[in-house]
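Undergrad: Chain order of the listed sequences is V and W.
At position 228 of the first sequence (counting the first as 1) the number is 228 in my numbering, and the numbers step up by one without a gap.
At position 79 of the second sequence (counting the first as 1) the number is 79 in my numbering, and the numbers step up by one without a gap.
Hints listed in this document are in silico derivations from the structure and should not be mistaken for laboratory results.
Here the structure is a predicted model, which means the values were calculated and not measured.
Don't take each hint at face value.
To be verified - Under the rule of at most 20 Å between Cα atoms (straight-line distance), these lysine to any residue pairs were calculated in the SDA-like manner:
#1 W:K352 with V:T157
#2 V:K278 with V:D61
#3 W:K544 with V:P151
#4 W:K544 with V:A159
#5 W:K352 with V:L89
#6 W:K352 with V:R34
#7 W:K352 with V:R353
#8 W:K544 with V:V155
#9 W:K352 with W:G448
To be verified - Among the chain W residues that face chain V by a calculated CB cut under 7 Å, a handful are:
#10 F116
#11 I348
#12 D356
#13 S375
#14 D376
#15 Y533
#16 L535
Virtual Cβ for every residue (Gly too), placed ideally from N, Cα, C.
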Amino acid sequence: MAAESLGGRRSAWARRLRNLHRITYVDVVLLLLRLGVVAVVVGGTIGTLLKGTYTAAQWFDLFMFGLTIGGVYGLIALGYTMVYGILRLINFAHGDITMTGAFSAFFLARSFDNSGFLDAHPFLAMAGILLVSMTVCTITALIVERICYRPFRHVATLAPLICAIGASFVLQHTFRGMFGSSVRSYPDPDWMGGRIDLLGFSVPTVQPIVIGTALIAMLVLYVIVQKTRMGMAMRALSEDRDAAALMGIDANKVILFTFVLGACMAGIGGVLYCFVYKQIYFFTGFLPGIKAFSAAVLGGIGNIPGAMIGGVLLGVVESVGPALFLDGVGIPAPYQMRDLIAFTVLLMVLIFRPQGLFGEALTRKRA
Amino acid sequence: MAFELVAASRAEDAKTTPWRHVIRTGLALGGVNLFMAVVGILLAFQSRPIIVDTLTLGYATLGLTLFAAGLLVARRGLFGHRDPTLVGGVVAGILAAALPALLAAVISLVDLRSVFVALNPPLLAMLTFGQQPALLGIACLLVLGAALGGAGALFPLLGDRIRRPLAGGLIAVGLAGMLQELIRPILANSRVTKPVHDLLYTWSGLTLRGAVIIFLAVALAVLLWDLNRRRIETAVGHLKPQTQRRIRWSYMGAAALLVALFPLFAGNFIGQVLLIVGLFTLMGMGLNIEVGLAGLLDLGFVAFYAVGAYTTALLMADSPYALAQLSFWQAMPIAVLVSLIVGVIFGIPVLKIRGDYLAVATLALGEIVRVIVLSDAAAPLLAGSSGILQIPRPEIGGLVLSTPVSLFYLTLAASLVAAYVAWRLGGSRLGRAWMAIRDDEDVAEALGINLIQVKLLAYGIGAAFAGLAGSIFAVMLGSIYPHSFQLIISINILALIIVGGLGSLPGVAVGAAVLIGLPEMLREFGEFRYLFYGLAIIAVMRLKPAGLWPSAAKLRELETDAEDVAVHQRAPVAERSS
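Extracted from the complex, chain V is given alone in its bound form (with noise of 0.2 Å):
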């Protein structure tokens, strides 16, 4: 004992190696899985530079692809975050309630397309368009919260997730019934369709459209959340429900705004998503709803600039990931792997860092 308080600081490797023995198998599983993934990432990545297969003009597509894409998950994962740091629960369904959105908005921009609107008027069209995404969303994810959430609030148990997951069933298999299950082509307009030059690269128009109106609603979010009694009123019960609740909060209100909020924003975020992959179908939802929560992992769940950093962050690795990470390795048709990516992503990060990137900075602060 007194050699250790007397070794200091030094003694920590010292105590490292006297603990081997204590080192299990799972343990090094877990090293060797960390390692693993280094040393893909690594040795990928210098393999792919030494091949130069790539140009720059194609890396800038793929990190301005990643960048977009990234905006999206960023506004959908605000919707997990919030949600979470109010009431601790993920709210699985989220990613369908995205699709409902986007799906509605769909028979709207089309009539848009149809009747020469959207091209004429891009501003109001799209205003109309998103509107109608994010009254849909609130409505769906204002039921989902009174059947699925509330009647378990006070419950710690899988209830609220499993009942979310059947929630996720239903309204995908409602959309499924009611709109056909056949895939539908978004709209995609002239003005949409083109080219523009950015630092003398040139990409497609429709990335920093997403872009620009991603980064606007989470500006927006984040002066509700910062300024406004609402948002501190949200802040306050995210930090402290009893004392929130002491201090003359409504919580049933602040939740339910706080879920409205959300939905609002993947409102935006999923009729984004159809603009970028063109097309929309019952099952749309799934894959964003997954990788946005990943993004959200990421970011430090409960943190809401964490979101959308992490949605960012996850957007360009999975974009830029096949191609520098697996063709160096000589994987054969990396681009297949681009959902694993993100799920090993998300996976990573819950083993080796659940708190997420801001997590613990976070947790600093409060305490």
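For chain V, the structure is supplied; the task is to place chain W on it using the hints.
TA: Chain W only, in chain V's frame:
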């Protein structure tokens, strides 16, 4: 606890006046009808007759909701008298019919098919009973709503003497009509029962004559049973406990024997359905160990099923990807062992993740497995999306198990072995350790339970069950593709163990029969099976959290929970009134 929201909704409930309740009930059931119409359920149900040329499942469902509107109004007993209750029922019935009627009016005026695919002329024809001026049909619908709502309101007022035989008879007719594909082959196959078949059924379903006969027979049986019930019960009560137990066991033995021999008479269609139910039961028992006993919510469970199937295929198939040409009996144990090992390996990285996060992490793991199997990178080993073909059938001493019925018996045998293992494990030291970590991981660790070992065993053994199911699945189909192993299978299995009752072995079989068997048998459900799964999951979690066949331990737990909740809920109400 200062933070109490349940009280708000309670207070809201207390405010409702009888008429507000009537309107809410009527509109809620009208909403159900509207939902079913818009989603397309009503029209899909319309194509299944319950009684040939008389009643379809679609109309039965519609009628049932209208009846339920009246019934729910009367059940609350808000009015106290008969006449206002009857009026309330009629109003609720009209309201429940009004929303679909409104929809019919809209369809007759506007063509919405470019948006809502289900709102087509056949639906309009159904909702207006084929009457030509749609307004006439709509009036019919409203009158029907009033009549059935009124009937529903009067129903609880009838005495038990009349009500029970009536309900029994109607339910029997409904089942006999809906399950005709199950019942008809059995009756038609044997010469003894062929006349019964001809009396009740035609080739397309239950006849009106058959329905009347079944209704009268069952109603009479229920009536006789009700009249003599007390006498029989006291007579049985006077017997020695030993004899009573023997009677009970012989009942159960006879039922088990009937179930076991049933597929032999029922033919291959039923055999196939039962085979799939058996496979899902097998997997359900595996997931039940993980979720029900150990509390590890695993959404990547399908990966183990895939491992079992692929191992079997690689060891048996007559294809260039095969590693060996073993028989099924050699390949199956290897597949189970490989699944067990994969389960443990799968479990190691997610050991420290808890609760909700674990569900998402396992989901990610399962998806990673699927993406890898589908990718070109793994194609040289696992055949990619083209799958592994030509897997031979299992043989026992020259007898090839090629029919669904024979494969069902293989599954049944495997399920019985697995059920025995699961049952013994559940009561063992390991089983209790699982339940301890389910209830509180930290306390369990403090009590000296080796979390790593116990959790990995849960993953491993659960995976072994799924591997066994996967192995049978591979020889059942004779070829396997990565598309057979979607996330949806994991959620199917989760849904069935939740509906059956978490942690309960008989519950798994019940859940599989309800969630897998019914949609397989009733094609009309098939299209909407996942919608019903979702609704079933939510309904069970909300209304009957222990499931249809709860485990004994869960029941005890719920009782104590209910007491806790009652204490919690009473407090804020007191605050409010003070």
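Undergrad: Once the shortest beta carbon distance from D376 of chain W to chain V is found, is it less than 7 Å?
TA: holds, 4 Å
Undergrad: Given the hint that K278 of chain V pairs with D61 of chain V, test it: the Cα-Cα distance must not exceed 20 Å.
TA: holds, 18 Å
Undergrad: Have a go at the Y533 of chain W hint: is there a Cβ in chain V nearer than 7 Å to its own Cβ?
TA: This interface hint holds because 6 Å falls under the 7 Å limit.
Undergrad: K544 of chain W and V155 of chain V were given as a pair; does the straight-line alpha-carbon distance stay at or below 20 Å?
TA: holds, 15 Å
Undergrad: The hint names S375 of chain W as touching chain V; please verify it with the least Cβ-Cβ distance against 7 Å.
TA: holds, 5 Å
Undergrad: Hint L535 of chain W vs chain V: min CB-CB distance below 7 Å?
TA: holds, 6 Å
Undergrad: Can D356 of chain W be said to touch chain V, with a Cβ gap under 7 Å?
TA: With Cβ-Cβ at 5 Å, under 7 Å, it holds.
Undergrad: Take a quick look at whether K352 of chain W and L89 of chain V sit within 20 Å of each other, Cα to Cα.
TA: Within the cut-off at roughly 19 Å; holds.
Undergrad: Quick check on F116 of chain W please, does its C-beta sit within 7 Å of some C-beta on chain V?
TA: It holds, given that the least Cβ distance between F116 of chain W and chain V is near 6 Å, below 7 Å.
Undergrad: Take a quick look at whether K352 of chain W and R34 of chain V sit within 20 Å of each other, Cα to Cα.
TA: holds, 15 Å
Undergrad: Is the straight-line distance between the alpha-carbon of K544 of chain W and that of P151 of chain V 20 Å or less?
TA: Holds, because 13 Å separates the two Cα atoms, which is no more than 20 Å.
Undergrad: For the pair supplied as a hint, K544 of chain W and A159 of chain V, confirm whether the alpha-carbon distance does not exceed 20 Å.
TA: holds, 11 Å
The structure meets every hint from the earlier list without exception.
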